Amino acid sequence: MRKYISFFKIRFIEGMQYRAAAWAGIATQFAWGGMNLLMFWAFYQNGENSFPMTFPELSNYIWMQQAFLAMFMAWFFDNEIFDGIMSGNIAYELCRPIDLYNMWFVKNMAIRLSRMILRCMPILIVAALLPYPFNLTLPSNTLNGVSFLVSIFLGFLVLIAFSMLIYISAFYTLSPKGIRILSTSVIEFFAGAVIPLPFFPETLQPIMYALPFASMQNTPFLIYTGYITGFEVMRSMLLQVTWLIILLTSGKLLMKHALKKVVVQGG
Amino acid sequence: MKLYFKYLSMLLKCQMQYKVSFTLTVIGQFLVSFTTFLGVYFMFSRFNSVNSFTFPEVLLCFSIVLMAFSITECFVRGFDVFPQLIKSGDLDRILVRPRNEIFQVLTSNVDFTRIGRLMQAVLMLIYAVPVSGIIWSPDKVITIVVMIIGGIVMFSALFVLYAGISFFTIEGLEFMNIFTDGGREFGKYPFSIYGEGVLKFFTYIIPLALFQYYPFLYLTGKSGNIGLIFLPLMGFVFMIPCYSIFKYGIKRYKSTGS
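Chains A and B supply the protein sequences, listed in that same order. Counting from 70, one number per residue, gives the positions in the first sequence under the working numbering. Counting from 2, one number per residue, gives the positions in the second sequence under the working numbering.
Any given hint might turn out to be false.
Stated by the list, open to error - Keeping only pairs whose Cα atoms sit at most 27 Å apart, straight-line, the calculated DSSO-like set for lysine-lysine is: (1) B:K201 - A:K246; (2) B:K141 - B:K255; (3) A:K246 - B:K255; (4) B:K20 - A:K246; (5) A:K330 - B:K223; (6) A:K321 - A:K246; (7) B:K223 - B:K3; (8) B:K88 - B:K223.
Unchecked claim - Which residues of chain B face chain A? A partial, calculated answer using Cβ under 7 Å: (9) G40; (10) F43; (11) F45; (12) I87; (13) S89; (14) D93; (15) I103; (16) F104; (17) Q105; (18) T108; (19) V111; (20) N178; (21) T181; (22) F187; (23) G196.
Because the hints were derived from the structure by calculation, they are not lab data. Owing to the predicted nature of the structure, the values given are computational and were not obtained by experimental measurement. Backbone N, C-alpha and C fix where the C-beta goes; we use that ideal spot for every residue, glycine too.
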């Protein structure tokens, strides 16, 4: 366990170095969230009754999404891992007395968390100061607030467990670019990063919610906004745990299979 | 010009070496913008219109912006990855050659996989043109063509500006994405729906609305002012300050030494 903690620490401290870049990122995300809200606001004024969420709920969703973007952005991958597989450097990693899956997992957690910590506070604070109904508010009740904290962590793990499958696929394809861009657009869309899942057509929603992608950012943010409450909260968190177990097991199995027949590239 | 096509065919051959990766990336590019399209479609399956713009009208607007953007991204890619040219020192190589540096940056990188996005734009245009209810007189056809050309010039100017700023700072560059990627992403709806402040910003500061919103009013018959057709040509004017910043950057450029 200790070795994984130190991997985590190294990556985390490394990630905390990019402060100026973080400010540019904060400004970008803030503009992005604001434009998104204004877009929804235009629709809201044309047909308030067709709006599946209340507007304050949506504002909360969008700001939480921007504040915790670094945890859930699907397009972000650790290039060191891909480069390692393609250049053959992976051989050195394999010599170490560690589990490759766990190490990659921990590294990914650390990079994403460090970026999130650098960026989330300014966004949360400024968003809270915006005028109603565009502002960020506290969760509707304590139960939802506490569940949110558990759920965002679960969602975070589900996303990384899924992206692990894409890293591992590089062992088989050796040219991850195509798979990366394909999987990124699929994850983003079904996770509710393009438009929140409640805005999807009603007939599609049961399928959407059952997919692993909904267990990433969708569940915690919907819990935070109070869009789902009570029993529903427990049920969706249970689904998160189920997907996490499925993804972790299949990732570990795939990794084992990949390593058995791994061909080290280059000399 | 002959040299340019020579470069193009070389780059094309180069990228075609990895056929599977190329095809997958093209499909991926298509999917990325297809999900954006689905987002718009789902919104309109709930709401009939937004600020009196209908679904086919918004699609028309979206496809024009996407087309201009993807063409720019394909051929002006060299400026998009310009910070890497500085970092790797390849810019020095460009500067010592007896050819115009703009030409060389343009030919340093052409990304043909952007065809995926272009396909999406073309499909939307084909769908939207007959159902939009616009009577396609010659002036309307000219409007669309001018909008696309104007859009290409505007986005190119933004890429040149991006490259120009990268001479001074690498750190803050992410901010420019609001105008390039953001312009594409939010330009799918006419800028007026975001409210007056945003529209003013995109008119006077980063003038993307000049090729998108104003001529679009004429196109959809919401305004009878034929003069609006020519507003996208202001892109050439916008190019002047962007190019000057780039020129200024090159003048005081000191090699990274690598």
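Point to revise | Hint numbers not upheld by this structure, sorted from lowest to highest | key: 1, 2, 3, 5, 7, 8, 11, 12, 13, 14, 15, 16, 17, 18, 19, 21
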